[in-house]
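Please construct the entire structure, taking both the sequences and the accompanying hints into account.
Protein chains in written order, with the working numbering: chain A, 1 to 285; chain B, 1 to 285.
I should point out that these hints are in silico values taken from the structure, not numbers from a laboratory. Just so you know, not all the hints are guaranteed correct.
The list treats identical chains as interchangeable, and a pair is accepted whether it falls inside one copy or across any two copies.
Unchecked claim - Below, in silico cross-link-like pairs of lysine-lysine (DSS-like), each with a Cα-Cα straight-line distance of 27 Å or less:
| no. | residue 1 | residue 2 |
| --- | --- | --- |
| 1 | 84 | 68 |
| 2 | 160 | 188 |
| 3 | 159 | 188 |
| 4 | 192 | 238 |
| 5 | 188 | 84 |
| 6 | 28 | 235 |
| 7 | 82 | 68 |
| 8 | 192 | 23 |
| 9 | 23 | 188 |
All values reported here derive from a predicted model rather than from experimental measurement.
Protein chains: 2
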Amino acid sequence: MLLGGIEAGGTKFVCAVSNGNSKQIIDKVSFPTGNPEETLLEAKGFFEKHAIEALGVASFGPVDLNIKSKTYGSFLNTPKEKWKHYPLLEQLRALFNIPVYMDTDVNAACLAEYKFGAGQGSDTCLYITVGTGFGAGLVQNGEIYQGKNHSEMGHVIIKKHPDDPYDGCCPYHGSCIEGMASGLAIEKRYGKKGMELTENDQVWDIEAYYLAQAIMNYYVVLIPEKIIVGGGVMKQEKLYPLIRSYFAEQMNGYLDVGPVDELIVAPELNDEQGVIGAMELIRTK
Amino acid sequence: MLLGGIEAGGTKFVCAVSNGNSKQIIDKVSFPTGNPEETLLEAKGFFEKHAIEALGVASFGPVDLNIKSKTYGSFLNTPKEKWKHYPLLEQLRALFNIPVYMDTDVNAACLAEYKFGAGQGSDTCLYITVGTGFGAGLVQNGEIYQGKNHSEMGHVIIKKHPDDPYDGCCPYHGSCIEGMASGLAIEKRYGKKGMELTENDQVWDIEAYYLAQAIMNYYVVLIPEKIIVGGGVMKQEKLYPLIRSYFAEQMNGYLDVGPVDELIVAPELNDEQGVIGAMELIRTK
Numbered sequence: 001m002l003l004g005g006i007e008a009g010g011t012k013f014v015c016a017v018s019n020g021n022s023k024q025i026i027d028k029v030s031f032p033t034g035n036p037e038e039t040l041l042e043a044k045g046f047f048e049k050h051a052i053e054a055l056g057v058a059s060f061g062p063v064d065l066n067i068k069s070k071t072y073g074s075f076l077n078t079p080k081e082k083w084k085h086y087p088l089l090e091q092l093r094a095l096f097n098i099p100v101y102m103d104t105d106v107n108a109a110c111l112a113e114y115k116f117g118a119g120q121g122s123d124t125c126l127y128i129t130v131g132t133g134f135g136a137g138l139v140q141n142g143e144i145y146q147g148k149n150h151s152e153m154g155h156v157i158i159k160k161h162p163d164d165p166y167d168g169c170c171p172y173h174g175s176c177i178e179g180m181a182s183g184l185a186i187e188k189r190y191g192k193k194g195m196e197l198t199e200n201d202q203v204w205d206i207e208a209y210y211l212a213q214a215i216m217n218y219y220v221v222l223i224p225e226k227i228i229v230g231g232g233v234m235k236q237e238k239l240y241p242l243i244r245s246y247f248a249e250q251m252n253g254y255l256d257v258g259p260v261d262e263l264i265v266a267p268e269l270n271d272e273q274g275v276i277g278a279m280e281l282i283r284t285k
Numbered sequence: 001m002l003l004g005g006i007e008a009g010g011t012k013f014v015c016a017v018s019n020g021n022s023k024q025i026i027d028k029v030s031f032p033t034g035n036p037e038e039t040l041l042e043a044k045g046f047f048e049k050h051a052i053e054a055l056g057v058a059s060f061g062p063v064d065l066n067i068k069s070k071t072y073g074s075f076l077n078t079p080k081e082k083w084k085h086y087p088l089l090e091q092l093r094a095l096f097n098i099p100v101y102m103d104t105d106v107n108a109a110c111l112a113e114y115k116f117g118a119g120q121g122s123d124t125c126l127y128i129t130v131g132t133g134f135g136a137g138l139v140q141n142g143e144i145y146q147g148k149n150h151s152e153m154g155h156v157i158i159k160k161h162p163d164d165p166y167d168g169c170c171p172y173h174g175s176c177i178e179g180m181a182s183g184l185a186i187e188k189r190y191g192k193k194g195m196e197l198t199e200n201d202q203v204w205d206i207e208a209y210y211l212a213q214a215i216m217n218y219y220v221v222l223i224p225e226k227i228i229v230g231g232g233v234m235k236q237e238k239l240y241p242l243i244r245s246y247f248a249e250q251m252n253g254y255l256d257v258g259p260v261d262e263l264i265v266a267p268e269l270n271d272e273q274g275v276i277g278a279m280e281l282i283r284t285k
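See below:
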């Protein structure tokens, strides 16, 4: 049985086909995200080469994932004007005429890492992505956690680093975790992208200080067995030991977290966790 | 079928018996918490009058609730010396020789309010207790949320109120939510208990400012449909509108939270949510 997966990102779409096992991708394509109609037709063109029987979609957000809602599967108030309120799930179902399952990109990535990657063997697995934005998703006992909706967990409250004069870029909260630690926050604070600041130790010290606080907030609420931190900003691998160190310092002995280098880890699926997770949604939903 | 419930609090034990429906209590007793052996014998004496077939226990914490752990059902590192590492669940099973089920007091209270109180009709229900300490529990689709263990969610990060010089009383984190907004924090900050400060508006303004931040942290991670706030400190009913107002201000339009006076509410079970929840554990676990 062939399965299709789409990682619908804000800047690019990744489409893949697997043969039963979502991790074994037999064909894959990637193209820039344009307007909704053109982008979906490009995806359709790719999948026409394969007789897929179901499709999973891991989408950028915010999307309405409340199954009781009339706009289930539609984008909410995204800054990407052409995608605002676009009924993605409905359009894909009409276009492909096969079962289509949808969740957020971060939830799908969490599911993929839980099943095939760094989260294997854990019962409760949190996946955090630090890219242009900031988001997190939780999988527990094979199921994606969702309350009334999925928030992407990106706006928890943190304390300012004493040496950081920046007030944050979140349009709602200023200095929440997304406002202080996303890739956009780095770029706005320093006037340069993170990848141009590799040699500036203070940048990564402050970044780790904030990410550790968000992780502490998630930890004390959710007590995950595994916390996987991925996304473009985490390509700076020096962040991992810094985050672990600040996390241990901030927790200060509260709760037995076990070995922190086994708790807070990098993803293992080589940037394919989104599209693999999209295909895994078919089994899970 | 008669069910027994124990709300095992740090200062008092409440024992109750119900006839099938946990909400219909047919006998109840309450006595101060002494040393473990005496306190359990006093409970045993009460339940001997009733042919209970199962027992539920809603305990103060921290307790080990990781079912894979060798010390499952035992107290962890509590400041109450005589209860430290006491194997409560094992002792109750030996003493009563009937099925015994255990969870934390705040989780049990959440379950009771979800089934019979202010949480009825919601799929995802958060219960927060603000008493001497601070804790929260989550019930989703009838099940108590638990990660690797239950943390009681009491140590999330918040920002200091600009007019509050107090540095917090949490022995681990100083100014986390428990350190700034628990009943103990109020007493240590002002040198008086909350009930003696009823007329001081600034006390409750600052208290609401902190509680709203904790609720925001929970909200963006969990997206509960209902948030029930109980415990001794919440007897100051003026806190509810203040918390709602600060919560709306801090969220600042991020996510559609619906009517905030329906989201953040008081418990409805008249301080019996703990012991009713204890009995409901029998059905749930």
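The hints, checked one at a time:
Taking the closest pair of Cα atoms, residue 84 and residue 68 come within 27 Å of each other only inside a single copy of the chain (20 Å); across copies the shortest separation is 46 Å, beyond that limit. Taking the shortest alpha-carbon separations for residue 160 and residue 188, both the intra-copy value of 16 Å and the inter-copy value of 25 Å come in at or below 27 Å. Proximity of residue 159 and residue 188 under a CA criterion of 27 Å is satisfied in both settings, with 19 Å inside one chain copy and 23 Å between copies. For the identical chains of this complex, residue 192 and residue 238 are intra-copy neighbours only, at 19 Å inside a copy versus 48 Å across copies, given an alpha-carbon limit of 27 Å.
In this assembly of identical chains, residue 188 and residue 84 lie within 27 Å of each other by CA distance solely inside one copy; the values are 25 Å within and 50 Å between copies. Proximity of residue 28 and residue 235 under a CA criterion of 27 Å is satisfied intra-copy only: 23 Å inside one chain copy versus 59 Å between copies. For the identical chains of this complex, residue 82 and residue 68 are intra-copy neighbours only, at 25 Å inside a copy versus 50 Å across copies, given an alpha-carbon limit of 27 Å. In this homomeric assembly, residue 192 and residue 23 never come within 27 Å of each other (Cα to Cα): the closest approach is 36 Å inside a single copy and 61 Å across copies.
For the homomeric pair residue 23 and residue 188, neither the shortest alpha-carbon distance inside one copy (37 Å) nor that between copies (56 Å) is at most 27 Å.
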